[in-house]
Each structure stands twice: as C-alpha cells, then as structure tokens.
Amino acid sequence: MSSDSLLAERVFILRKLRDLGGAAYFEDICAASKLPDSLVHRVLLECAQQGLVTVEEEVFQLVELTDKGKATLERGLPEYLLAKTVLHSGGQLPLQDALKAAGIEDRKEQEAAIGWLIRRQLGRLQRTDKEVLVIVAHLPHDELYNLLNKVSTKAVLFKELTDEEKSAIDMLRRRGLVKISSKIKRFYRITEQGLKDAQKEVPPVVTRLTPELIRSGAWRRCVFARYDVSALPPLPSYGFLHPYLEFLDQIREFLVSRGFEEIEGRLVETEFWNFDVLFQPQDHPARELHDTLKVLKPRDKGPLPSEHLLKSVMKMHERYWKYRYDIDVARRLILRSQTTATTINAIVGRRPPFKLFTIGRVYRHDKIDSRHLVEFYQCDGVMGYYGASFKDLLRFFRDLANYLGLEVRFFPGYFPFTEPSVEGYVKHPTLGWVECLPGGLFRREILKALDVDCPVIAWALGLERLFMAMYNIDDIRLLFTDKLGKGVDRGISW
Amino acid sequence: MPTIRIPISDLLSLVGELIPINKLEELLRLLKCEVSDYDGEYLEVTFMEDRFDLSSTEGLARALAILIGKRDPTPSLELHAPSTHVIVDKTVSQIRPYIGCLIARRETPLSSDEIESLMQVQETLHKTLCRHRRKASIGVYDLAKIQPPIRYESRKREDIRFTPLDWSRQLSADEILKYTKQGQEYGYLLERFDRFPLLLDFRGQVLSMPPIINSEETRVTESTHSLFVDVTGLSRDTIDAILRILAASLAERRFSLEAVKIIYDDRVDVTPDLRPTLTTCSPVDLLSIVGTTADVRVVTEALTRLGHRVFVYEDTLLILTPFYRHDIFDITDIAEDLAIWVGYDALSLKPLSMPYTSGSLLPMTDLIRRFRRAAAQLGFREAHRFTLTSDRVLRQLPGREDLQILEVQNPVSSEFAVARDSLMFSLLDLIGSSKGTPLPIRVFEVGPVIIVDDSEPRGVREEYHAALVQVSSDASYEQVQGALLAILKLLGFNQIRFLPSEAKGLFISGRCAQVLVGDTLIGLLGEVHPQLLERYAIDHPCVAAELYLNALETIRKTNIPQG
Numbered sequence: 001m002s003s004d005s006l007l008a009e010r011v012f013i014l015r016k017l018r019d020l021g022g023a024a025y026f027e028d029i030c031a032a033s034k035l036p037d038s039l040v041h042r043v044l045l046e047c048a049q050q051g052l053v054t055v056e057e058e059v060f061q062l063v064e065l066t067d068k069g070k071a072t073l074e075r076g077l078p079e080y081l082l083a084k085t086v087l088h089s090g091g092q093l094p095l096q097d098a099l100k101a102a103g104i105e106d107r108k109e110q111e112a113a114i115g116w117l118i119r120r121q122l123g124r125l126q127r128t129d130k131e132v133l134v135i136v137a138h139l140p141h142d143e144l145y146n147l148l149n150k151v152s153t154k155a156v157l158f159k160e161l162t163d164e165e166k167s168a169i170d171m172l173r174r175r176g177l178v179k180i181s182s183k184i185k186r187f188y189r190i191t192e193q194g195l196k197d198a199q200k201e202v203p204p205v206v207t208r209l210t211p212e213l214i215r216s217g218a219w220r221r222c223v224f225a226r227y228d229v230s231a232l233p234p235l236p237s238y239g240f241l242h243p244y245l246e247f248l249d250q251i252r253e254f255l256v257s258r259g260f261e262e263i264e265g266r267l268v269e270t271e272f273w274n275f276d277v278l279f280q281p282q283d284h285p286a287r288e289l290h291d292t293l294k295v296l297k298p299r300d301k302g303p304l305p306s307e308h309l310l311k312s313v314m315k316m317h318e319r320y321w322k323y324r325y326d327i328d329v330a331r332r333l334i335l336r337s338q339t340t341a342t343t344i345n346a347i348v349g350r351r352p353p354f355k356l357f358t359i360g361r362v363y364r365h366d367k368i369d370s371r372h373l374v375e376f377y378q379c380d381g382v383m384g385y386y387g388a389s390f391k392d393l394l395r396f397f398r399d400l401a402n403y404l405g406l407e408v409r410f411f412p413g414y415f416p417f418t419e420p421s422v423e424g425y426v427k428h429p430t431l432g433w434v435e436c437l438p439g440g441l442f443r444r445e446i447l448k449a450l451d452v453d454c455p456v457i458a459w460a461l462g463l464e465r466l467f468m469a470m471y472n473i474d475d476i477r478l479l480f481t482d483k484l485g486k487g488v489d490r491g492i493s494w
Numbered sequence: 001m002p003t004i005r006i007p008i009s010d011l012l013s014l015v016g017e018l019i020p021i022n023k024l025e026e027l028l029r030l031l032k033c034e035v036s037d038y039d040g041e042y043l044e045v046t047f048m049e050d051r052f053d054l055s056s057t058e059g060l061a062r063a064l065a066i067l068i069g070k071r072d073p074t075p076s077l078e079l080h081a082p083s084t085h086v087i088v089d090k091t092v093s094q095i096r097p098y099i100g101c102l103i104a105r106r107e108t109p110l111s112s113d114e115i116e117s118l119m120q121v122q123e124t125l126h127k128t129l130c131r132h133r134r135k136a137s138i139g140v141y142d143l144a145k146i147q148p149p150i151r152y153e154s155r156k157r158e159d160i161r162f163t164p165l166d167w168s169r170q171l172s173a174d175e176i177l178k179y180t181k182q183g184q185e186y187g188y189l190l191e192r193f194d195r196f197p198l199l200l201d202f203r204g205q206v207l208s209m210p211p212i213i214n215s216e217e218t219r220v221t222e223s224t225h226s227l228f229v230d231v232t233g234l235s236r237d238t239i240d241a242i243l244r245i246l247a248a249s250l251a252e253r254r255f256s257l258e259a260v261k262i263i264y265d266d267r268v269d270v271t272p273d274l275r276p277t278l279t280t281c282s283p284v285d286l287l288s289i290v291g292t293t294a295d296v297r298v299v300t301e302a303l304t305r306l307g308h309r310v311f312v313y314e315d316t317l318l319i320l321t322p323f324y325r326h327d328i329f330d331i332t333d334i335a336e337d338l339a340i341w342v343g344y345d346a347l348s349l350k351p352l353s354m355p356y357t358s359g360s361l362l363p364m365t366d367l368i369r370r371f372r373r374a375a376a377q378l379g380f381r382e383a384h385r386f387t388l389t390s391d392r393v394l395r396q397l398p399g400r401e402d403l404q405i406l407e408v409q410n411p412v413s414s415e416f417a418v419a420r421d422s423l424m425f426s427l428l429d430l431i432g433s434s435k436g437t438p439l440p441i442r443v444f445e446v447g448p449v450i451i452v453d454d455s456e457p458r459g460v461r462e463e464y465h466a467a468l469v470q471v472s473s474d475a476s477y478e479q480v481q482g483a484l485l486a487i488l489k490l491l492g493f494n495q496i497r498f499l500p501s502e503a504k505g506l507f508i509s510g511r512c513a514q515v516l517v518g519d520t521l522i523g524l525l526g527e528v529h530p531q532l533l534e535r536y537a538i539d540h541p542c543v544a545a546e547l548y549l550n551a552l553e554t555i556r557k558t559n560i561p562q563g
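Going line by line, the protein sequences match chains A and B. Oh and the first sequence: position 359 is 359 in my numbering, straight run, nothing missing. Oh and the second sequence: position 386 is 386 in my numbering, straight run, nothing missing.
Where hints are given, some of them may not hold.
[What the hints assert, rightly or not] Here chain A is said to cover these stretches of chain B; the calculated rule only asks that three of the stretch's residues, wherever they fall, bring their Cβ under 8 Å from a Cβ of chain A:
1. 204-212
2. 242-252
3. 340-347
4. 350-364
5. 386-400
6. 404-410
The hints are simulated quantities; they were obtained by calculation from the structure and are not laboratory data. As the structure is a prediction and not an experimental result, all values here were calculated from the model. Idealized CB from N, CA, C, for every residue including glycine.
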C-alpha cells in the first residue's frame with residue numbers, strides 16, 4: 001500500500017495527536033481516533049519514519065494472575081480456608097480433621113495451608129499427646145485474597161502499588177499465584193513537521209457510514225478509513241444442530257424415499273413384546289438382570305396382549321423350547337432392549353404389502369466404554385409382501401451402505417426370531433469391519449402366531465456404528481453431550 | 001458368541017486332509033464360524049449360538065470333512081441296545097428331575113488331546129446351552145472304575161461324604177460347596193435344598209454330585225478306554241440335545257455307542273436318541289425363501305455338503321438332517337444352509353423385488369425436525385443427552401424430593417438410575433458441569449421424557465419435550481421469551497400468550513410464565529431461581545423454557561409453518 005493511500009488517515013491521526021496536546025500514549029490515540037488499532041499502528045509507524053512524530057518506549061511492570069492464581073481465586077487461599085474452618089468449629093480442631101473439613105486434600109496444598117497459616121499469623125499449632133491442634137482465635141479480613149481479586153479485575157501496575165501491597169504481591173508471586181510481566185508502552189510526540197502536515201487540506205476520514213451521511217449526501221466529501229480485512233474477527237455465537245441427530249434424519253430420508261412408513265414405539269415395554277413374541281425363551285441369558293434394564297417404579301408389571309395372541313405365543317414357546325411358559329415373566333416391564341419390540345407389534349394382523357420402520361432409543365445393562373453405552377439408538381424395519389425373500393434383505397442392506405458411502409460385507413448370523421439370518425459389516429476407517437446390519441426373515445412360527453400370512457423381512461441398523469464409520473469416530477461416547485464443547489457437537493470446529 | 005480354542009493338528013488329522021489356514025477360514029465361514037485367532041498351533045474359532053454341534057474339535061472336523069466332500073453325511077449312527085440302566089429315585093424330582101446317559105466303548109485308551117477336547121466341549125456347553133449348569137450339567141466317568149447299574153437319587157446334605165475331583169480326602173457336602181472351586185462357583189444352585197442329588201454305582205461308590213463335581217475315584221485318565229456319560233438337569237430337551245452332541249463327538253473318536261435305560265417311577269426312557277429329522281419340501285420352497293433359482297442337482301449338492309442327506313423323489317426333496325443338529329425346526333433353517341452355499345455377497349447383487357408402498361414420516365418427527373431447525377436459527381446449539389440420569393439431577397428442585405419418576409431395578413450405576421421427566425433439569429446439569437464454556441451459552445434439546453401417570457397401563461406416559469436455556473451475564477426473561485415467540489411463529493403458530501404463573505421454587509417469582517397457544521398450555525418459561533442455580537453450580541443468570549411437543553402437535557394440524 002503506498003503512503004499516499006493512507007494520506008487521509010495520516011492527517012486525521014496527526015490532528016488527533018495535536019488535539020491531545022501534541023503528545024499521547026498509543027492507546028489514547030486509538031481511543032480518540034476510533035480507528036482500528038492495527039491501522040493506527042501502521043500510520044504512526046510511517047509518521048515516525050518520515051519524522052512527523054517521535055516515539056518513546058516505556059517499560060513497565062504489569063501484575064497478572066497465573067493459572068494457579070485463577071484457581072485459587074475461585075476457592076480462596078488454603079490457609080484462610082483452614083483458619084475459617086477452625087474458627088467456625090469453635091476455634092480449635094485436630095490438624096487432619098481441619099484439613100479434611102476445609103476440603104484441602106492435595107499434599108502440597110496441605111503443606112502450603114499450614115505453612116502460611118503460621119507465617120501470616122492467622123492461627124497457631126499446638127502439639128498435644130495425641131495430636132496436633134490448630135488454634136484460631138480471631139480472623140481478620142483476607143487482605144491477600146482481596147489483593148488477588150483486585151489483580152484479576154483490572155490491570156495493576158506494580159509501581160502504582162503501596163509498599164505494603166508491593167510486599168504482599170511479592171509474597172503472592174513467590175507462591176506462584178501472580179506473575180509480573182514487562183510490557184512496553186509507546187508514547188508519541190508530534191514534531192514541527194508533523195504539526196505542519198496536520199494542517200494539510202484532506203477530506204474527512206469516516207470510520208462508520210451513518211444514515212445522516214447518506215441522506216445529506218455528505219458521504220461525497222468523505223474518505224472511508226481502511227480496515228485490516230485479513231485480520232480474523234472474534235467468532236459470533238451461533239446456533240447449530242447435533243450432527244448425530246442430523247444423521248438420523250438422513251436415515252429417515254433414505255427409508256421414506258424407498259416407501260417405508262415410520263411408526264411410533266415405546267421405551268417402556270413388556271417382556272412379551274421385547275422377547276416372548278420374538279421367540280426368545282424366557283430363560284435366555286439376554287433376558288437376565290445383567291443384560292436388560294428392568295423397571296422398578298412406578299410399577300414393574302405391564303399389560304398383557306390379547307388373549308388370543310398370548311395363547312399362540314405361549315403355545316409356540318412350549319412347543320419349540322419345551323418349558324413351562326410364565327405369564328408373569330411376559331408382563332414384566334423393561335426399558336426395551338431392541339426396537340424390534342416396536343416393529344413386531346406393528347405387524348400383528350397387518351395386510352401385505354407393508355414396509356415399516358422406527359428409530360428410537362434402546363437400553364442395555366452394559367459397562368460404558370468407547371464401544372458400549374447403556375442407552376443408544378436402533379432403527380428397525382420390516383418388509384412384508386408375497387415373494388419377499390432373503391436376497392431382498394441383502395440387496396436392501398447393500399443399497400443403504402452405498403447411500404451412506406460405506407463398504408459392506410455379509411456373514412451368516414444367528415437371531416432367535418429370524419431364519420435365514422445375516423450379520424452385515426461396514427468398514428470403519430480405523431476400527432476395521434464393524435457389525436451393524438443384522439437381519440433375516442421372521443420365523444414362520446412367529447408370523448403364524450401374529451396372523452401375518454406373507455413372508456416378512458426384518459432388519460435393524462446399528463446407527464451409532466454406521467455414523468462412526470462414516471465420520472471416523474472411534475469413541476461412541478462422543479455422540480452424546482456430556483460436556484459442552486466436548487462431543488461431536490463441538491460446532492464449526494468439528 | 002461362544003469361542004473354542006483347539007489344536008489345529010488334532011483338527012486336521014480328524015478331517016484327514018491338510019488344509020491351508022486361509023482355505024480353512026473360508027470353509028469355516030460356510031459353517032457360520034469365524035477364525036478369531038491363530039498362532040500356528042492353536043486355532044480360536046467363534047461359532048453361532050444355534051450351532052452347538054460345532055462346539056468341539058470333533059464337530060468341526062466332521063462338518064469340514066463333509067464340506068470338502070471327503071465323506072458323506074451321516075444323519076444317524078449305530079447305537080447298541082442298552083446293557084444296563086439308571087434307576088431314578090423320585091426324591092430328585094423337586095431338585096433336578098431329569099437324566100440322560102450313554103456308554104462309549106473303545107479298545108484303545110484316550111490320548112491327552114482327546115481328554116483335553118472332551119473337557120473343552122463340556123466346559124463350552126456348560127457355559128452356554130446348559131446356562132451355567134443350571135439347566136443341565138455333564139458328567140464323564142471311566143466306565144472301568146464304576147459298577148452299573150447306577151442310581152440317581154438325593155440324600156440329606158449332612159449324609160453326603162466323598163472324595164471330590166482333585167482332592168485326596170473325603171469332604172462333606174457342605175465342605176465341597178465351601179472349599180472346592182466348582183462348589184464356590186455353582187454351589188448357589190443347590191444352596192436352597194436340604195437334599196442334594198447324587199449319582200451312585202451298584203456298590204455305593206459316588207460318581208458325582210450334580211451339578212457341582214465328580215468323584216476323584218471315577219476320574220478319566222490316559223489309561224481310560226471306555227466312558228460312562230450322564231447329563232442331569234431341569235429340561236429334558238436340553239439334556240437330549242447335549243447327549244446327541246456328545247455322542248456325535250465320541251463317535252468321531254471311533255467309540256462305539258451304547259444306549260442306557262432310564263427307569264423313572266412312572267416310565268422308562270432309553271437315551272440317547274440318535275434319529276435324524278426328516279423334512280419334505282420341493283426345491284422351489286427352499287429357493288423362494290433364499291430368492292434365487294437353481295437346478296435341483298445344485299440344491300442337493302449344497303445341502304449334502306452342509307451335512308444333510310438328500311433323496312430326490314419326483315418333485316420332492318426328502319431331507320434327513322443329522323441328529324446332532326438341534327437348530328433345524330423347519331425348512332427355513334434348511335434354506336439358510338442353501339443361502340450360505342449360494343453366497344450372501346452374490347445374493348446381495350440381485351435386484352429387489354419389493355412392491356411399491358408409499359413412505360411417510362410420523363407427524364411428530366416432522367414437528368421435531370422443524371422445531372430443531374427453528375431453534376438453531378435463533379442461535380441455540382443442540383445438545384443430545386441420555387434419558388437415563390441420576391436422582392441428583394432430577395430432584396434438586398425444592399418440592400421434587402418425593403417426585404414420582406421411573407426407577408430402574410438394576411441400574412448400571414447411580415448416574416443411570418432414573419428416567420428424566422423433563423429436559424430442563426438435564427440441561428441445567430449439563431451447563432453446571434461444563435465449566436469454562438464461553439458465555440453466552442444458548443443450548444436446546446428435543447427428546448423423549450417419561451412421566452409417571454397412574455392412568456396408563458404401563459404406569460407411565462412417554463412424550464416429547466423441548467427445552468431452551470440461556471446463560472449469560474445479561475440473560476433476561478425477555479431474551480428467551482423472544483426466541484420462543486420467534487420459534488413458535490416460524491412453526492406457524494398464532495395466538496401465542498404468556499400468562500403469569502407460580503414460580504414454585506423453579507423460577508424467580510414474577511419472572512415466569514405459562515406459555516399458551518390459544519387455550520392450550522404448551523410450556524413454561526422463566527428466569528431460574530438463584531437457589532437452584534447454586535445447586536447446579538451455575539454462577540450466571542439463566543433463563544429456561546420447557547415445551548410440551550405433544551400438546552403442540554395436537555394444535556399444529558391446522559397451522560401453516562413459516563420456516
């Protein structure tokens with residue numbers, strides 16, 4: 001940029017400096033000119049090079065809080081906490097109890113608390129036969145803390161402190177709570193030549209285009225101050241949608257576009273719908289306490305299905321698994337462990353053709369780690385029509401994987417309620433092949449019990465795993481918001 | 001999924017063919033098995049819960065030999081008539097009512113590989129099909145060390161004394177439960193009875209105390225050449241299935257099998273039952289389940305290689321499925337074997353034959369989607385929280401201590417013990433535990449809540465709520481009220497009203513409102529009371545709103561969205 005192009009700004013700033021009495025600190029010139037700091041800095045640099053101003057640099061000491069100081073500011077100084085605790089408990093306490101009651105657990109911090117308690121004469125220690133007592137008679141205001149607070153709220157120059165404060169600051173510095181850093185302040189003085197240049201005729205410099213300037217037409221006689229357009233601005237606060245929930249909508253779109261009807265499910269379900277109807281024997285390990293979350297309150301038993309359906313399911317269990325079916329078990333309420341509980345309910349007596357799906361939360365009694373959660377999502381679907389066959393299921397899975405841009409491969413699977421069954425795997429960039437596409441044809445025994453007279457394809461999607469494979473995420477916990485700014489919902493930076 | 005670890009040399013010598021590992025992996029996949037580990041000596045194989053016939057070296061070897069065409073399927077086996085019996089005393093009927101047995105004879109003694117394999121198959125079956133020995137348990141004894149006939153009876157626990165496996169002296173029943181490893185692990189299965197089941201031979205020698213432990217005297221060693229096997233338990237079906245799997249394994253080791261008569265009070269059984277299952281169907285029945293076409297010879301070949309014996313009679317297939325396959329209920333199970341043979345990957349490339357159906361979303365899904373978009377437009381970021389949470393999060397508000405909420409009987413931890421009945425508290429907790437987040441915080445969530453409702457058949461009502469929270473030094477009622485108003489307008493709602501409401505400790509009195517659309521209450525809004533903020537460790541002003549989306553959905557049908 002040529003110096004001519006900054007002529008208007010130069011004259012403008014020189015006039016401001018003149019009006020400030022011919023000499024001023026950089027910060028004051030910025031404030032007076034209302035121009036961006038970066039621009040003022042550049043103009044003054046040019047002025048100095050051309051002898052229009054002189055610069056004096058002044059070094060001064062600024063007191064600032066350290067990270068430790070900031071933490072201490074939140075909690076209070078440990079010795080004062082200790083003294084306060086003792087005073088509130090009647091003026092004396094055994095040392096260990098006092099430290100515990102004051103919540104000072106870190107060993108180093110304990111040492112500091114005791115040491116400074118004595119040095120600051122907030123209290124004293126007395127050794128008895130059994131223990132060491134802390135004794136605090138009275139407690140003045142914590143001047144040291146007030147000083148720390150003062151440093152945190154405004155810029156404090158070391159030289160402007162009283163002697164007493166100086167020695168206190170020195171003490172805080174040795175404790176690592178504050179630091180004293182050298183800053184350079186620039187002081188500009190206008191020269192004779194500068195004063196002459198300030199007289200030059202230039203159009204007025206405008207920082208902000210106002211409605212008045214536009215309406216009066218005065219903008220024609222103005223020069224607009226230049227911005228440093230390449231400097232990065234502070235980020236404004238913005239709203240955004242959770243990426244995983246957006247992904248769930250993407251899955252919904254895929255399914256609706258292929259003729260699937262979304263159906264509603266329940267989180268609190270009876271074991272009848274979650275297991276019995278799905279051909280899972282009542283003594284199956286998946287139904288035990290270490291696998292399924294049972295509901296205790298407000299009640300632990302739910303409604304039974306129609307007499308007719310209950311009887312057919314009971315007959316199916318007793319005939320194939322050869323045990324005594326227990327209606328009380330069928331009534332037990334659980335947090336559903338699979339969304340198949342919803343789809344199977346929806347097909348009872350339904351006429352073909354139908355294609356249904358549901359997306360919702362399911363629950364398992366699992367230890368939480370990077371691969372397991374207690375609560376996660378499943379999508380379950382059913383496709384019922386005459387001529388439905390196993391290859392349609394496999395083709396459907398392949399189409400879905402293609403739509404999501406994932407590689408897929410298939411292996412035989414086993415689920416109590418489907419036959420033939422498949423387990424589909426998709427490729428995760430770092431975790432390798434992950435199983436997330438289970439499915440099969442509902443067993444004929446089940447369909448018969450439900451009065452459905454066409455073959456029905458049933459499938460489920462391990463949604464978290466699909467999402468993790470698509471975006472190379474290796475920790476399932478990131479899909480839920482545990483702390484703001486931590487999960488996959490970090491926003492733009494994500 | 002169950003896993004077994006077997007010496008590869010033993011497996012291949014039983015198959016009678018040297019198969020390279022990559023080829024072996026491919027073949028095992030056709031049997032629904034996966035090689036999960038291989039170190040050059042041992043092979044770790046994972047199999048499916050419906051194929052317990054593959055839970056041993058012998059079972060895998062048999063299936064592999066048939067698969068590569070080295071031998072024909074054997075749907076049944078020769079079984080000699082019983083030469084002895086077991087008398088079942090009726091006192092066991094309350095404890096462990098059923099038993100099945102078999103005798104396996106051979107000239108040559110067992111090798112260490114064979115003993116290891118026998119132990120492993122027992123162990124695998126105990127853990128899985130036997131439901132940790134509760135449903136059934138297996139005992140194997142050296143036939144030469146016992147004198148049939150056998151009695152299966154129960155005795156008072158204090159009258160039992162014998163030397164358990166791996167011990168050198170006699171222990172009482174209580175000592176066995178207390179001191180032996182098996183007793184400590186499975187003792188709970190007997191603990192509540194005062195009589196324990198016992199197997200004894202003609203002389204009174206104890207064979208075992210099922211389902212805990214065998215006696216040392218009847219132990220199988222490397223000089224054992226013939227075996228007596230028992231399975232006791234609660235389910236005859238499971239006992240039969242296990243005996244069949246064990247019989248098939250022993251036959252692979254060239255034992256000759258002999259049945260045992262079981263004499264109950266009211267009937268006589270003969271075990272094991274090694275008859276095959278017969279299925280009749282046409283090839284088209286099978287092919288239409290799989291969704292492909294093929295010549296009948298191909299179908300026959302596929303099923304034969306997967307272990308079935310197939311006879312073709314005009315248009316009908318007569319399929320004999322071996323006795324050891326307990327997963328075959330009907331032709332769909334056989335169709336799966338056919339599908340595996342054709343190959344899942346090949347099937348997945350065939351075109352779909354689904355008929356047209358019209359797709360649709362639930363109205364609630366549409367409302368949620370529009371709401372989320374509007375909230376984000378107004379500058380709120382979306383959170384995604386669990387429905388399960390802790391008492392601590394839900395019961396902070398004065399008056400909510402005795403709140404009725406859904407409680408889990410067996411929570412994983414106290415952090416997942418109850419279900420949320422509102423979203424606002426979950427978001428306040430989130431903000432309180434997100435120290436250091438730059439202000440202003442504007443966050444929202446839409447999701448399910450579970451509300452206790454006695455009039456519902458499950459005792460609860462499941463609804464969708466939405467919550468919006470703003471935290472900043474200048475947060476005021478008006479800001480969130482404005483955002484809420486804008487969101488509702490974007491969704492096409494009119495006649496939105498805010499009526500002063502009781503604060504109830506949740507909000508600052510005089511700074512909270514009920515939100516109505518027309519005359520329907522659709523939510524709450526207000527400046528959160530500082531007492532509550534303290535409890536959630538939030539140190540800046542906070543405004544929160546909670547909306548009931550089910551109520552909104554009922555009204556929405558007549559409104560045109562603007563967003």
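Hint check:
Note: the stretch 204-212 of chain B has 0 residues with beta-carbon separation from chain A under 8 Å; the three-residue rule is not met and the coverage is violated. Given as covered by chain A, the stretch 242-252 of chain B fails the check, having 0 residues with a CB less than 8 Å from a CB of that chain where 3 are the minimum. Residue count for the stretch 340-347 of chain B with a Cβ under 8 Å from a Cβ of chain A: 4. That meets the three needed, and the coverage hint holds. Counting residues of the stretch 350-364 of chain B whose beta carbon lies closer than 8 Å to any beta carbon of chain A gives 14, which reaches the threshold of three, so the coverage claim holds.
For the stretch 386-400 of chain B, the assignment as covered by chain A holds, since 3 residues bring a beta-carbon within under 8 Å of that chain's beta-carbons and 3 suffice. Coverage of the stretch 404-410 of chain B by chain A holds. Counting CB-CB distances below 8 Å, 7 residues qualify, and the rule asks for three or more.
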